[in-house]
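Undergrad: These are the residues of each chain, in order.
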Amino acid sequence: MIAKDFQFYRPTQLSEALDLLGQDLGDVKVLAGGMSLVPAMNLGIVRPDAVISLNHVSSLDPVVHDRDQLRLGALVRHRRIETDRQIRAACPLLAEAAGLIADVQVRHRGTVGGSLVHADPAANYVPVMVALAARFRLMSRTGERWVDARNFFRGLLETDVEPEEILTDIVVPAQTTSQSSAYYRLARVHGNFAIVNAAAVVAHNAWARVVVGGATAKPIVVEERFGDYGGSSVQLIDHLGDAVYAACSEALEDLQGSAEYRRSMARVIARRTVAEALRRYDASRKKE
Amino acid sequence: VKTSIWLTVNARAHTVEVDTRTCLVDFLRDDLELTGVHVGCRTGNCGACTIIMGGQTVKSCVILAADAHGQDITTIEAMSTTLKDLHPIQQEFAAHQGLQCGYCTPAMILSVLQLLSTNPDPTDDEIRLGIAGNLCRCTGYHFIVDSIHAAARRLAGTRIDMTSIGATDNSTAVTQL
Numbered sequence: 001m002i003a004k005d006f007q008f009y010r011p012t013q014l015s016e017a018l019d020l021l022g023q024d025l026g027d028v029k030v031l032a033g034g035m036s037l038v039p040a041m042n043l044g045i046v047r048p049d050a051v052i053s054l055n056h057v058s059s060l061d062p063v064v065h066d067r068d069q070l071r072l073g074a075l076v077r078h079r080r081i082e083t084d085r086q087i088r089a090a091c092p093l094l095a096e097a098a099g100l101i102a103d104v105q106v107r108h109r110g111t112v113g114g115s116l117v118h119a120d121p122a123a124n125y126v127p128v129m130v131a132l133a134a135r136f137r138l139m140s141r142t143g144e145r146w147v148d149a150r151n152f153f154r155g156l157l158e159t160d161v162e163p164e165e166i167l168t169d170i171v172v173p174a175q176t177t178s179q180s181s182a183y184y185r186l187a188r189v190h191g192n193f194a195i196v197n198a199a200a201v202v203a204h205n206a207w208a209r210v211v212v213g214g215a216t217a218k219p220i221v222v223e224e225r226f227g228d229y230g231g232s233s234v235q236l237i238d239h240l241g242d243a244v245y246a247a248c249s250e251a252l253e254d255l256q257g258s259a260e261y262r263r264s265m266a267r268v269i270a271r272r273t274v275a276e277a278l279r280r281y282d283a284s285r286k287k288e
Numbered sequence: 001v002k003t004s005i006w007l008t009v010n011a012r013a014h015t016v017e018v019d020t021r022t023c024l025v026d027f028l029r030d031d032l033e034l035t036g037v038h039v040g041c042r043t044g045n046c047g048a049c050t051i052i053m054g055g056q057t058v059k060s061c062v063i064l065a066a067d068a069h070g071q072d073i074t075t076i077e078a079m080s081t082t083l084k085d086l087h088p089i090q091q092e093f094a095a096h097q098g099l100q101c102g103y104c105t106p107a108m109i110l111s112v113l114q115l116l117s118t119n120p121d122p123t124d125d126e127i128r129l130g131i132a133g134n135l136c137r138c139t140g141y142h143f144i145v146d147s148i149h150a151a152a153r154r155l156a157g158t159r160i161d162m163t164s165i166g167a168t169d170n171s172t173a174v175t176q177l
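So the protein sequences, as listed, match chains A and B. This note's numbering applies: residue 1 is where the first sequence begins, and numbers increase by one. This note's numbering applies: residue 1 is where the second sequence begins, and numbers increase by one.
No lab work stands behind these hints: they were computed from the structure. Cβ atoms here follow ideal geometry from the backbone N, Cα and C, with glycine treated the same way. Do not take every clue at face value.
[What the hints assert, rightly or not] A short, non-exhaustive set of chain B residues, derived as facing chain A with CB atoms under 8 Å:
| hint | residue |
| --- | --- |
| 1 | H14 |
| 2 | T15 |
| 3 | G44 |
| 4 | G47 |
| 5 | K59 |
| 6 | V62 |
| 7 | D72 |
Using the sequences and the hints given, assemble the complete structure.
TA: Listed below in structure tokens is the structure:
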């Protein structure tokens, strides 16, 4: 049993949840899938006075593919993102990263919004959402605002979400036919949190963007244009890797790896991920 | 703090008061005496507490009982009642020594059911990914993989319905114990 007692709220409407957040309930935690929050409560690391569960708010789990963008409710679970054909077709990078989260049981319960708001720096979605230029809708009793993924992650387990706000929607631009993408994670055991991970989006002969997570408290974003390298993808990959290495001067350090190891791996993984995205583009061309 | 919930467990409806601090695994074990649901890590890593909720495997140590309100839950207890009516997956685990101490086994069996419900003929790699959320510290997994291949062959052509596992057709099952 969890050591510290707490109030539990189970709203069925988003407005009810937002009203609760506006009240003085002490230290409040918003619960989605709970795959990080409940373990932390079991361990006594997080000791809230009140928990507001979003699992009974049905308006938070739609998936809408609208021409050039994909809109996900914050409560959409990883397994659905992994297996839904509509999502995989519109946004293969998102489906690829979702399928590599933890294990099947965790993917059945864990949610995209919960993972983003928890903001573990090595979470699969972190570099992916930044690389895709996703936008997040934050709602409170008094209104709503939109935040770009790039400005959302503020540091270790720290985001732009204010105490009275709830992340309700994630909007991701669909991948165009001139684009390709890849996700790669370095981990000791399959399903563990990554030591370093990276997401790359490449627009053919135009630009390449790579975002590295896990190496530093905030994701590293590097973008280059093919034109600046005479169209040479080899030079472009070299340069992206070097830029990632340069940006990693304050790399994280833990039992899984030293700061210098993470920094070196950040360069390797960034290069590998961009190369894979380029390879996929070529492969898709050959098929046609 | 107490809160009232209703839920269905192994086809039986319950309306109960639970302490908000109770995790689903403890509710199932202590209140409903379904002790086939095991407690391992309490952090969602080992998978010993795996159950089926809403037709999908989940880890019941990282779900609050209060949050399971309205859910339809199935535990390993629904799969068979005696040694004589073991589910084919359970029989193949016994036949191929897919267990030693047995602590991870009930949860492992449910993960196999989940795997075979969507992938009736999995490869070695697909099997290992399917049971990645279930740690076994005895077998080294090789005999578990063998057991799952055997179960897949046994169940070939059988549709597995995750929402009513007790209703699996056992008529072809030959008791091998």
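Undergrad: Against each hint, give a clear statement of whether it holds in the structure.
TA: We went through each hint and held it up to the structure:
1. H14: 17 Å, violated
2. T15: Given a least distance of 15 Å, the restraint on B/T15 is violated.
3. G44: Given a least distance of 5 Å, the restraint on B/G44 holds.
4. G47: Because about 6 Å separates B/G47 from the closest Cβ in chain A, which is inside the 8 Å limit, the hint holds.
5. K59: 5 Å, holds
6. V62: Holds: closest Cβ of chain A sits about 4 Å from B/V62, inside 8 Å.
7. D72: 14 Å, violated
When each numbered hint is compared with the structure, violations occur for hints 1, 2, 7.
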